[in-house]
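Student: Here's the letter readout for the chains.
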Amino acid sequence: MIPSSYRRVFFPLILIFSLSITAYSQFFWRINGEGGYYSAQGSQILDQGELVTRLDTDLKYMYEFKNSITSFDIKIRPELYGLDNHLQIIKLRGKGHYLYKARRYHWGIDLSAYHYLYSGQNLDLSFNNLIIETNLFWLRSPARLIQANLGYAFQSTHRFGDFKLNLLFMQMVLYRTISAYFRYGYGIYLEKFYITLKLYNYLKYREICNSGWRTGPLLSLNYLRNFIVNMDYRFLLHYSDYTTYPSYEHYLRLMIGKIFYTRWSAFLVVDYYIPVFKRKTDIIEEVNVLYTPINLQNRIFLKLAYDVKENIEVYVRYGYFKESLYYYNDQLAGWSGLVGLEIRN
Amino acid sequence: MNIKLSLVFILILNSITLNAQNIDQLEQEYMYMQTELYQEKQLLDSLLEVMNERATQIDREKEKRVTNQGKTVDLMAQSVPIANQIESQQIIIAALEKKIETKQQILLYEYSEIIDSLRRVEEKKMSPEEEETIEKLIFYYTEKKLRVSPQIQSLSYDPEKILQINLSAIEDSSERNIYEQYLHSALKEVDNQLQIIQHLSLEINEMSRLQNKANRFLDELEMDSRIVPYAVVKEEYRPEKEEVFNNNGTRGIPSNLVEIDYYMVLMRQLEWVQPREKLSKWQSPLDSTQINLSINEYQILLQEIKQRLQEYGSILKKKITSNE
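Residue numbers (my numbering), protein chains in the order written: chain B, 6 to 350; chain G, 35 to 358.
Calculated directly from the structure, the hints in this document are not laboratory data. Note that the structure is predicted; figures quoted are calculated from it, not measured. Treat each hint with caution, since some may be false.
No farther apart than 20 Å at their CA atoms in a straight line, the calculated lysine to aspartate or glutamate pairs in the EDC-like style are these [what the hints assert, rightly or not]:
| id | chain 1 | residue 1 | chain 2 | residue 2 |
| --- | --- | --- | --- | --- |
| 1 | B | Lys65 | G | Asp253 |
| 2 | B | Lys80 | G | Glu256 |
| 3 | B | Lys327 | G | Glu256 |
| 4 | G | Lys247 | B | Glu212 |
| 5 | B | Lys96 | B | Glu84 |
| 6 | B | Lys314 | G | Glu256 |
| 7 | G | Lys247 | B | Asp89 |
| 8 | B | Lys65 | G | Glu256 |
| 9 | G | Lys247 | B | Glu347 |
| 10 | B | Lys96 | G | Asp253 |
| 11 | G | Lys247 | B | Asp246 |
So that you can see chain G by itself, here it is in the shape it has in the complex:
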């Protein structure tokens, strides 16, 4: 019996290995396509740069008091093939992106097939070592599957996507474990964010109290106060700021208050937690296009984020515990 089972196990594993060889090839093609896409995009960027230079040159010629019509026409004529090249390059890129998407779908299908086969093997009686091997393989391919699934990598940064996860609806235990881990890391991230917000709120409250007391003291003395209001200034938003998370998903306490953009983005991410009409309360004093905020406005923003994070955290906890 045992010999029979072992033989089945070896046969299935062999077929999986053969299938995996096919997947290896698919993965290589997928990687190659991505490299190709990167190179084509770089080529497009350089073409756009040349085109911009030409446009600047033409503008400069036009601005001259004595316009050299011949030169302007020459420059415009020279720009035509570049424009054509840009157009064809954009077509190449679009086609390549479509190919990559198809390849992703094939890979997704192949990974799902392997996982299903492994599940079927798992149902049979096996030695603990064999079971462990199968478990490891399932985990290995599930991870690969999640990597080619759209948006999965940014789970911890996208509350809406995370909260769409319904652990009890996932039948595959390995997949469920992975999603559960994602939920745990999201919760950890929320807790860390809350700590930072609480720290900042305390600091801002203290600053606000000090500023108000100072103004009142001056008002007491001379019927007037002349302290220039202290504003918290935000930088223009840069997407790479999202990368300030450490490997463990935590985020260092900001060294200064010029972090408003980050909190605005966080706020927008958390917007869905409450119905839209309730947002008007914080949106009216805090126009997202406003660059400098008063300390009071910054206080309001932090309080709102704190509340949203708390709500988000409680939903995450509920999701995790409902699975236990």
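So here's chain B without its partners, still in its complex pose:
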């Protein structure tokens, strides 16, 4: 039963969205199920090798009115590693998006909230992420597009204590179009972060803080025609209370894909993240409050898919994954081979 206060707010909104003549609204849904085998590497969390299953459901509502688009997206993803000594993961995501399209610029605001829950014999951990971000796409000329982002993110992790990460970030990229199919971009990323760790140990309470900057250049290459190539690279210098110069991070994402024989497609994704943090020698702490990036994994995956119908796809995926969960001490890592089925409207 929907509470009456909700009904008062939402029903008129739904009515307005549905009856507006110039507006256009649509629901999208997607269900993706996959299962296979993983072989763990260097991880105390996972067993050596076991079965893995995953279900991914996504529901999106999009509403277009004149020059603006509003969308809401909910995603639920339960994952199960192993059968006996298993690890359960539940990932939830909610997203709201608003975009206004003008003649020479697009302006938008995104709100994303994530809740990740890891529960197993060797791990009990939860993540909460919140990201608010504004985007501006400004078309200076047909060959030059400027993208500017400004945002705030919050991450809280609960394990032995409460870990909180607050950050403000901004990014500016200038995209240059070489041809209608190829463009490159270069820009700068700047982030100010604050970390707080609250530890409760034998009735003793401690609070450790760290703050710093991450900044550096970024480069992007995009090609899209009969195949797709996307490459993003960042080199960020890392300054914090716990690290000394030179501390830096490399992040590379490469995606290559092609459709062949009409129904077949192959995609390769490589995510490579390497932090090189040089710790200050004068700080003696049993716990180092180091920066743990939000939603970042090292991985290489190859996917081969076949379109059974326009909205049904079967695929196999094979690759390596390494997910850092807590100060790089807890890691989900290994190789996996999966078979999946995706149905969408």
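Starting from the known structure of chain B, arrange chain G on it as the hints suggest.
Tutor: Leaving out everything else, chain G in the frame of chain B:
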């Protein structure tokens, strides 16, 4: 009998030739007026340029911290005769344009007279050579007539004008033949356009599928996708772009996708084919003032154009076949 007819034929041809001499003179005057108009317009352009320079100078003077009032007043005073000259030049041009229009109408009348005379000759019995000569003359003057008729040259670029042609209502067979040729060339142009649109649609569909699949793959892996949406960017519309047609009315396959303006113009040309209220469907996602379109929006635009071209082509075919 034959001698009599030949004599009539020669006499009529002579009168036509005499009339044609008069037309030659009219045509020369018409050409001279057009050259004159071109020169007067050039003079007006240069005057406007000088005026703009003066205006910029005055603005600059005004923006200075210490304004030289005397200089500003001088500049403004100097601009007055130029403004007067511009005004009188505009009057000259307007008068000349009116004269040209009158001359066009006279030429149109004269060509019609000659064609009518030739038609009357054609009705009489003649040798095949004479008939051929008359046919050639009719064709020659009909073409001249069409050239001075307003809008006729742009028939193949203006669907509305083309579709106003009703072949069965045209009694003059030569005129009908010429209009029929125009219809055929318009149909050829539509077919070529359709080929280009189909080629582009296939390419855009492939790109859209690739982009969607790439985003879904990332979403599968990390609950998020970070690919910056690929946009198709249009250039500001330049009218000379219409000249990209080759002599045979075909148009080369575009080397890139920066062609949206052209398709927007084409779309507007084809708008009339369907009732206006039906256009709202494509007009809402595609604001004509929007400069960059997403791949999906570009897909919608191409699909709409494809449909309109198909409809336009079928109407043209019907018009041509109804005459056969």
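Student: Lys65/B and Glu256/G: Cα distance at most 20 Å?
Tutor: holds (17 Å)
Student: Does Glu212/B lie within 20 Å of Lys247/G when you go C-alpha to C-alpha?
Tutor: violated (45 Å)
Student: With the threshold set at 20 Å, check whether the alpha-carbon distance from Lys247/G to Asp89/B stays at or below it.
Tutor: At roughly 35 Å apart (the allowed maximum being 20 Å), Asp89/B and Lys247/G break the hint.
Student: Within a Cα-Cα threshold of 20 Å, do Lys65/B and Asp253/G meet the stated pairing?
Tutor: At roughly 13 Å apart (the allowed maximum being 20 Å), Asp253/G and Lys65/B satisfy the hint.
Student: With a cut-off of 20 Å on the C-alpha distance, tell me whether Lys96/B and Asp253/G pass.
Tutor: holds (13 Å)
Student: Run the distance test for Lys96/B versus Glu84/B: straight-line Cα separation, threshold 20 Å.
Tutor: holds (8 Å)
Student: Going straight from one Cα to the other, do Lys314/B and Glu256/G come out at no more than 20 Å?
Tutor: Not satisfied, since the Cα-Cα distance of roughly 25 Å exceeds 20 Å.
Student: Given the hinted pair Lys80/B and Glu256/G, is their alpha-carbon gap at most 20 Å?
Tutor: holds (12 Å)
Student: Please verify whether Lys247/G and Asp246/B have alpha carbons no more than 20 Å apart.
Tutor: Between Lys247/G and Asp246/B the Cα gap is close to 42 Å, so the pair fails against 20 Å, i.e. violated.
Student: Between the alpha carbons of Lys247/G and Glu347/B, is the straight-line distance 20 Å or under?
Tutor: Judged against 20 Å, a Cα distance of about 12 Å means the pair holds.
Student: When you check the alpha-carbon spacing of Lys327/B and Glu256/G, does it fall within 20 Å?
Tutor: holds (12 Å)
Consistency with the previously given hints fails for numbers 4, 6, 7 and 11, ordered from lowest to highest.
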